[in-house]
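Sequence order for the protein chains is A and B. Be aware that the first sequence starts at 1, since it is given in the UniProt record's numbering, and climbs by one per residue. Be aware that the second sequence starts at 1, since it is given in the UniProt record's numbering, and climbs by one per residue.
Among the hints, a few may not be true.
[To be verified] Here are the computed lysine-lysine pairs in the PhoX-like style, where the Cα-Cα straight-line distance is at most 20 Å:
#1 B/LYS133 x B/LYS161
#2 A/LYS161 x A/LYS133
#3 B/LYS184 x A/LYS254
#4 B/LYS133 x A/LYS184
Since the hints were made in silico from the structure, they are not lab data. All of these numbers come straight from a predicted model, not from anything done at the bench.
There are 2 protein chains.
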Amino acid sequence: MTSDELAQLRGMLAAAPVDFSIPALEVRAMFDGMIATFPVDESYSFVEKTIGGVSGLWLDAPRKSSSVLLYIHGGAMLVGNTFGFRGLSGNLAQASGVNMFSIDYRLAPEHKFPAALDDCHAAYEGLLADGYKAENIVVAGDSAGGNLALSLLLKIKATGKPQPAGAVLLSPWADLTHSGATMKSKGDVDNSLSHKGLQSGADQYLGGASASDPLASPLFGDYSGVAPMLIEVGSEEILLADSTRLAAVAGEAKVDVTLHVWPEMPHDWSLFSFMLSEGRDMIAEVGTWVSARVAK
Amino acid sequence: MTSDELAQLRGMLAAAPVDFSIPALEVRAMFDGMIATFPVDESYSFVEKTIGGVSGLWLDAPRKSSSVLLYIHGGAMLVGNTFGFRGLSGNLAQASGVNMFSIDYRLAPEHKFPAALDDCHAAYEGLLADGYKAENIVVAGDSAGGNLALSLLLKIKATGKPQPAGAVLLSPWADLTHSGATMKSKGDVDNSLSHKGLQSGADQYLGGASASDPLASPLFGDYSGVAPMLIEVGSEEILLADSTRLAAVAGEAKVDVTLHVWPEMPHDWSLFSFMLSEGRDMIAEVGTWVSARVAK
Chain A
1 MTSDELAQLR GMLAAAPVDF SIPALEVRAM FDGMIATFPV DESYSFVEKT IGGVSGLWLD
61 APRKSSSVLL YIHGGAMLVG NTFGFRGLSG NLAQASGVNM FSIDYRLAPE HKFPAALDDC
121 HAAYEGLLAD GYKAENIVVA GDSAGGNLAL SLLLKIKATG KPQPAGAVLL SPWADLTHSG
181 ATMKSKGDVD NSLSHKGLQS GADQYLGGAS ASDPLASPLF GDYSGVAPML IEVGSEEILL
241 ADSTRLAAVA GEAKVDVTLH VWPEMPHDWS LFSFMLSEGR DMIAEVGTWV SARVAK
Chain B
1 MTSDELAQLR GMLAAAPVDF SIPALEVRAM FDGMIATFPV DESYSFVEKT IGGVSGLWLD
61 APRKSSSVLL YIHGGAMLVG NTFGFRGLSG NLAQASGVNM FSIDYRLAPE HKFPAALDDC
121 HAAYEGLLAD GYKAENIVVA GDSAGGNLAL SLLLKIKATG KPQPAGAVLL SPWADLTHSG
181 ATMKSKGDVD NSLSHKGLQS GADQYLGGAS ASDPLASPLF GDYSGVAPML IEVGSEEILL
241 ADSTRLAAVA GEAKVDVTLH VWPEMPHDWS LFSFMLSEGR DMIAEVGTWV SARVAK
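Okay, chain A solo, but in the shape it has when bound (with noise of 0.2 Å):
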């Protein structure tokens, strides 16, 4: 149905690959640079606020609303930004009727492990401090974003505050330590993260510090008592076993996962739902599971 779509979609993918092993300026200016040409809703009015000492993108509901998406962009903890994402994290607050707060944590080299992951619950620390309940709140993120969004879910458990009421785990990358199977057998069809790219952004996030650590690769963490989640990957990503191995790994923690792998799809594909209809569809049904969770 929408192989016109996708077939323009990889082409633009395999003719400007992002290469994260480059240095990470130049990777930064390129894709940076990339994803800020990503068409915008005209309707969305982001304001740029400070929470719990960080700084992000905000958007209002479309109609007032207690409950907010904490959004996590991607970007293999090197490159990206909430301005380059919003279409993204816009979108999917939108889906969801509820407001958006979407962070610009500190990325590496220049800030290493655990900065990016201080910043995540840093913000979720004062959106509770801003009056939003846990149980109104829901993290959400992309690739690098998603292994953020996970590790947030394990610091909050060990401070032993209230876990948010849900987690978007949108092609999330769990495992630094790259040993699912598919980080091989998809690497030829995928053609937007390479098992080198992802070495070079995990060792300079990392800094020495250990793959192992649940916190950098939450692939390793202990879930049991951790929010609901949804995972969402493609049929076509070196991460794909990320996201299965997560959903065994939480169900048996007794965590309520929903994963749905989208055959063909590539990487963070809902980041060209302007140019891809599974993109929508992917949004319109983290809508409809988020918008189940919170109140209004």
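Using the hints, position chain B against chain A.
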């Protein structure tokens, strides 16, 4: 929220454990006697039908529909019948807004592999011969019926006939070699099934055939090109890893797979929807998934 309901169900399961390792005629009398007492919506009018040479129960859709759910009941390949499962099959079909045909396939030990699968396939072919389009058929099954529904997809693929619109797998028993990690890790909390009981069912069904045959253990099948799947499983099941591994295998083969792991739920909990709200919630979720995939 439903802890009282769940405690009541767990108590019931623990008080009358179904031991599939005793002679089949005895466990059949016990199991079939138990499920025959389960309350069923009195508005459902089942009729006996034979389609493709396979007898079973038919239920018309609430409103006229050109689609049908082919239902395959569970019972370790040894027990169960369409009468005892008419509540579950009827609820699933009515929630989906489609007609339903639930089949009395041949049981082991009297009839060995692949007799049951042959009956499922004959019923599918019979529905096609009766004018139902493959794109308007959804196959569904619980437990051993989930095994047969998956094997049916593989068998349909082998014949080159069109796949159905989807497959709904409720706590499927996908691996008769019992190699899943939860076979042991959930052994203490699963008070519906035991490794020993399943081994007895598998031995009597296989009658010497290899448990590694993908038509006997469909976890080991090649899923490329098969129908979209919805997998529903509880966190407290020794069969949990059958579902999580199935999602990984089918997803890697580019199947549209949705897996939902329900915390605290025991094996096949929607069979007990008359006493458990999560059973009704799961049936509603199945209905939404099926009705989005077939014509009215």
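* Asked: Are there hints from earlier that the structure breaks, and if so, what are their numbers?
  -> 4
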